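K.L.:
Those protein sequence lines, which keep their order, are chains A and B. Numbering follows my numbering, in which position 25 of the first sequence is assigned residue number 25; successive positions increment by one, without gaps. Numbering follows my numbering, in which position 9 of the second sequence is assigned residue number 9; successive positions increment by one, without gaps.
Rather than coming from a laboratory, the hints here were simulated on the basis of the structure. Just so you know, these numbers come straight off a predicted model, no measurement behind them. Some clues are possibly wrong.
Said to hold, decoys possible - Not the full set, but computed from the structure, chain B residues with beta-carbon under 7 Å of chain A:
1. Leu24
2. Ile25
3. Asp36
4. Ile39
5. Ala40
6. Arg41
7. Leu43
8. Gly118
9. Thr119
10. Lys122
11. Tyr124
12. Asn129
13. Ala132
14. Ala133
15. Asn145
16. Phe147
A virtual CB, placed ideally from N, CA and C, is assigned to each residue, including glycine.
Spelled out from the first residue to the last, the chains are:
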Amino acid sequence: MSKFRKNGKKGMPAISTASLPDIVFMLLFFFMVTTVMRETTLFVSVVTPKASEIKKLQKKSLVSYIYIGPPIKRMQTSYGTAARIQLNDSFASVDEIQEFIASEQEARDEKEIPYMTTSIKADETVKMGIITDVKQELRKANSLKINYSTRKGSY
Amino acid sequence: MASRRRGLPEINAGSMADIAFLLLIFFLVTTTMDQDTGIARKLPPMPEEEQEKPPEIKAKNIYVVLINSNNQLLVEGDWTEISQLKDGAKKFINNNGIDPKSSDSPQKAIISLQNDRGTEYKTYIRVQNELAAAYNELRNEAALNKFGERYIDLNKTQQKDIRKMYPQKISEAEPKNIGGNE
Chain A
1 MSKFRKNGKK GMPAISTASL PDIVFMLLFF FMVTTVMRET TLFVSVVTPK ASEIKKLQKK
61 SLVSYIYIGP PIKRMQTSYG TAARIQLNDS FASVDEIQEF IASEQEARDE KEIPYMTTSI
121 KADETVKMGI ITDVKQELRK ANSLKINYST RKGSY
Chain B
1 MASRRRGLPE INAGSMADIA FLLLIFFLVT TTMDQDTGIA RKLPPMPEEE QEKPPEIKAK
61 NIYVVLINSN NQLLVEGDWT EISQLKDGAK KFINNNGIDP KSSDSPQKAI ISLQNDRGTE
121 YKTYIRVQNE LAAAYNELRN EAALNKFGER YIDLNKTQQK DIRKMYPQKI SEAEPKNIGG
181 NE
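Same shape as in the complex, but just chain B (with noise of 0.2 Å):
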């Protein structure tokens, strides 16, 4: 009997190591730890057939923004740089009826964007950043004089306290063929 168990030979797991080493290091090479990320944005439904008349918006409330198939941007009629673009949108935003011209309150100003079909994706996203950063912007400024806190920083409800207060309202007209080339 004591022989027989002798002669059982004990399995040598000193290279268990190192194959769990070899399949580490694989999963260690084909893992991508990067998140996706990106610019959400919800686009509008589909206009029904019979669409009743859209309420008529004041053009002061309305800020253009257009984009040529050269990448250039004409932003209420004048021709600016895309670094100008976020300053302009916040000025804009937070008038307050100040400046007759321009927007009566955050929950009124539109922000209207549009482009042309030669237009390079790449300053289309930059654009729409812009637009964005003009929003986060402004709504951490309401956060920070309202709850002392930045907006990622608040709880649910005071998250949506400060989006109503300005809701980010970017309307996408639809695209134009000027420049003639896709």
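Okay, chain A solo, but in the shape it has when bound (with noise of 0.2 Å):
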């Protein structure tokens, strides 16, 4: 019986942990591989209305993105607070959108350019007439397919 008490005490043994760090590989590649850096600072600050017929954006690489709201903190200073629009990196103003659609659809394949859409996150407390300029220039572009950007939501 002794025999059996000592063998049970010396036999508990340790849980190898050797294949906890592939575990934990697993895991990292699996977030590095699915995660998306946020490409672009944002000048302006959006909070996206909320809606609740949304479709999901596919295709992420064959999105351009106009951000419209008012200037960020830091930059009121410099820019007040009336709503602006930004394109990649930098405020634009309303006629350069056609510019930028264009070099969007230069970095794309040709096959691609009917397919491509341009996201426009704008701010809820945006004016139309902003949006509606903007439209217009995208319609001047031949850029056609648009999404609202919202926030899954009702009132």
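Join these two chains into a complex; the hints should help.
P.N.:
In structure tokens, the structure reads:
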């Protein structure tokens, strides 16, 4: 009996943690692959409006973003609080949208151009005037597929 | 030989897990899983120089929705709350000629949306959302009647059938600047 007891105490093996790195690495790779780093630094603060009838935006590589909103606090001293348009990494005027769309289209394959979408990420407090101007420019640039970026939610 | 081999120390891999954890936590924190969602719309192409006369549409087939710069709604001449818009639009689309003042058929029904330059974007999206909801509900009902499944569960050809029954026709007029503020 005593033999058993002794064996029992000694035989309680520590759980091998040798495979722990493997498991962690697996998780790590998963997150590394799925991570999308933020490409642009936002100079405008955008809180998108809520909507319930939403669709997911497919094929992120074919989406170009237009941000519209009031400048962030840090920028307000030099740019004021009126809503502005941001393309890529800088503020832009409405006239620059056509150029922006053209450069976006140039960067893509010719076959993919009809599938390109423009996502309008606008703050909910923005007035429609600026949005309308953007929409008109997009029509002129013949980039007709748009997506009003919204959050999921209902009123 | 033996002693030399013994002299080559094995690298301790015990801290590997810690390093991996550190990286893992970094990626966990920086990851944003949220997918971009939104309301998809298609803009009309720019009108060409020589435009042929647009086909005439009976006034009763147009559901006029106006939004002013105070974010108030005027639907078919009546002041309306946004919450009532969906039911109104559904009734209009699905009229099928019952009410002589409303649409002839869902295929002919057109919703005309016009907003002011001073309208808030939030209100505009809400209205767009309500109109999209009206169409989605009608399509869903039709799908349940015809195929016994929800619209999103149907296959592509079935969805096309339903879309043909209820084509989403939302026309946006060029905005006016009545409110005078931007």
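K.L.:
Hint by hint, where does the structure go against what was stated? Just the numbers, ascending.
P.N.:
2, 15 and 16
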